[in-house]
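2 protein chains.
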Amino acid sequence: MTELRQLSSSDLANLHSQLIAEYGNFKARNLKLDMTRGKPAASQLDLANGLSVALTASDYKSDDGADARNYGGLDGLPEMKQIFGEMLSAPAANVVVGGNSSLQIMHDTVVRALLHGVPGGNGPWLSQKPKFLCPVPGYDRHFAVCQHHGIEMINIPMSDEGPELDVILPLVAADASIKGIWCVPKYSNPTGVTYTDRVVEGLAKMPTAAPDFRIFWDNAYVVHDLYDTTSPLANILDACRLADNENRPLVFGSTSKISFAGAGIAAMASSPVNVADARKHLAFQTIGPDKLNQLRHVRFFKNLAGIKLHMQKHSAVIRPKFEAVAAIFEKELGALGVARWTQPRGGYFVSLDTDAGCASRVVNLADEAGVKLTSAGATFPLGKDPDDRNIRIAPTLPPLEQVELAMQVVTLCVKLAAVERLTKS
Amino acid sequence: MTELRQLSSSDLANLHSQLIAEYGNFKARNLKLDMTRGKPAASQLDLANGLSVALTASDYKSDDGADARNYGGLDGLPEMKQIFGEMLSAPAANVVVGGNSSLQIMHDTVVRALLHGVPGGNGPWLSQKPKFLCPVPGYDRHFAVCQHHGIEMINIPMSDEGPELDVILPLVAADASIKGIWCVPKYSNPTGVTYTDRVVEGLAKMPTAAPDFRIFWDNAYVVHDLYDTTSPLANILDACRLADNENRPLVFGSTSKISFAGAGIAAMASSPVNVADARKHLAFQTIGPDKLNQLRHVRFFKNLAGIKLHMQKHSAVIRPKFEAVAAIFEKELGALGVARWTQPRGGYFVSLDTDAGCASRVVNLADEAGVKLTSAGATFPLGKDPDDRNIRIAPTLPPLEQVELAMQVVTLCVKLAAVERLTKS
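As given, the protein sequences belong to chains H and L, one line each in that order. So for the first sequence, the working numbering puts the first residue at 1496; every next one is plus one. So for the second sequence, the working numbering puts the first residue at 1496; every next one is plus one.
The shape of chain H in the complex, shown without the other chains:
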């Protein structure tokens, strides 16, 4: 098959008829497939069912003798800090363990900065018309935090190395109201890109007009390899410290896609100054996190090695789904020149780029054929993809055969939308 844009108009018309017929066949099947959510499958959650019985009735003491059932321990059990320290490449002393949601820790960190400012800054961000840099495509819920609180967002294009430093550097050097950047540095959501050393170092070193610029480093997929070899990521905490910007990075992580998505443990790691600041605020915010669930995780996983072993079981479940997406995309779209997609080596998503102006049409076509996709534009601030090009594919939740069927529909819709567009132009 040749590239679609090289077809004559009569060939395009013939192809269109053929695609419409295929599309009609799919519609007639009354499919109900949901590819919208980056949720683990039940079979992944089953891997951690031992967590629910990891504690006996008399097992509630932490290593330091604290009673995990009672109040106290604002920033987590020592042994849980240890595990997150290993996972996020930080000293355990610089870890603050939270509840079950790293999004909540990130949200609350933004809110604290809005209301109270951060160490080294000029007071509350709220009065400084704060702006955030948003590498795109990116994680919708990061952007939603900014939108909800009236923080202006600036799109930063992603390359295969991470966010474009050439775009970032002049912006942060010139504008003191740019206070932060959202990063998913490893197996980025949705592109799967892991930031290169050059990008990590660039972010750590770059001069910023804001004295209180913060990198929100959401290391959500730090141990989420699909293959035996990992994509190495430089340590942002070390890089920033070496660049005399020790307080710049705020590193977030969780076990949500390791243990239980809704009942895991989340944490933040940062500089001693930022960690002390977080602790100070937390004393007003809460009585402290659920330490028994921490102990449950400690007993079940034991250490980072235990987590890594566990993640191999996850990859055995989800790798076939990712490979099915890649295989079907390659087979159906490989030669047509109307789409590009990522083949991630970890994380939770495949990023599909259609021709410009086609993404929302593809999502609508798929929806009409019974396949729900994440809304076009969802990976951009305010839900607006300026090129209407990006679609996030989330293959983990449905069973393999549903993923395969859904991708048949999606690739058909990509072809159909492309032919429609080529016919018009």
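I should point out that these hints are in silico values taken from the structure, not numbers from a laboratory. Treat each hint with caution, since some may be false.
Since the list gives no way to pick one copy over another, a pair counts as held whenever it fits inside one copy or between any two copies.
[Said to hold, decoys possible] Below 27 Å or equal to it, Euclidean Cα-Cα: the simulated DSS-like pairs (lysine-lysine) are:
id : residue 1 : residue 2
1  : Lys1624   : Lys1775
2  : Lys1556   : Lys1527
3  : Lys1867   : Lys1556
4  : Lys1867   : Lys1775
5  : Lys1826   : Lys1527
6  : Lys1803   : Lys1775
7  : Lys1797   : Lys1808
8  : Lys1808   : Lys1879
9  : Lys1867   : Lys1826
10 : Lys1879   : Lys1624
11 : Lys1867   : Lys1522
12 : Lys1775   : Lys1879
13 : Lys1527   : Lys1867
14 : Lys1803   : Lys1826
Please read all numbers here as calculations on a predicted model, not as lab measurements.
Chain L: place on chain H using the hints.
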């Protein structure tokens, strides 16, 4: 023994010498007793150890078929809402279940109001110089939330019926910047007072200059009776709805002092409008609460009747401690006319009022003799008791014999401080 203020100065001098000798004896014992914290004792926590094994490895489905391990369910499992609905006297549909900390729900509710306002209001409270009414003595962590966020606090005296309506009514009628009041309506912290129907109705009905006035109704001790008969509390949600102020009350509760203090479940109940508003914000704040811990609580307690049965076991543990405090206070101070104290029928505290100007001296004297008490003033906004009179006694955590010994020391210190003061004046 006669009242101390009727003693002659030579009798006072003799008594002083005698008290100093007794005080010296206590000091020589090198006591280390901690009466500061309103924490449950280990023997209370033991009552709920079955919680840790309440789920089997395959028990993770809620009644509505949702997988409690996965994402989803922003406001809690239906069966957990049902239990909190019964506990807080609200329809289950008007309950939002949160994490393990009702303080966190209250804090976040205040922050949301500061940044975004509340339904029926004129926008963010932050720009309206908000003030809160603070019944005193009260709960230090309520006041700390206000202090931390720059909310001005106005002391409202507590009577045996609840906060003084005569003081409240003219204030809220005149000042639109008064946005809220902190209430612990049942077995109030620290006085043990349960608000009378007249007070509940008064708060529900009173005209307020602020269209968005909110009652923060922290029903922390709703099932925390020390005796078989409870102190009835009128339903603030009903009272406000009947008074056409349906959106005024925000009701909070938790199982912190029912199951595990640090690993329980917290919730809010309010009007449909307020609940919808909370849900809207929560979608930006978090991926949702830990539903497995909810399921654990549902399996262990089953319903409100199960919780009430469980609370009888708690009262069997802590009632002797409260009665020991009362007995020692009566024996040592009953005739002296230098202190008043509460004999609560529920809750977690005894409130001790010394003569004006003596509380901080008592706390210091006790500290020097090895008995740590909550700081004098802690029960007032900014930690300032204008009369230096109130001391919060927390008898639950230490074993009975330690409570008794500590109260011997405390009553001695009360006498000593009183004699010192009478000698000076």
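Ascending list of hint numbers which this structure does not respect: 6, 8 and 14
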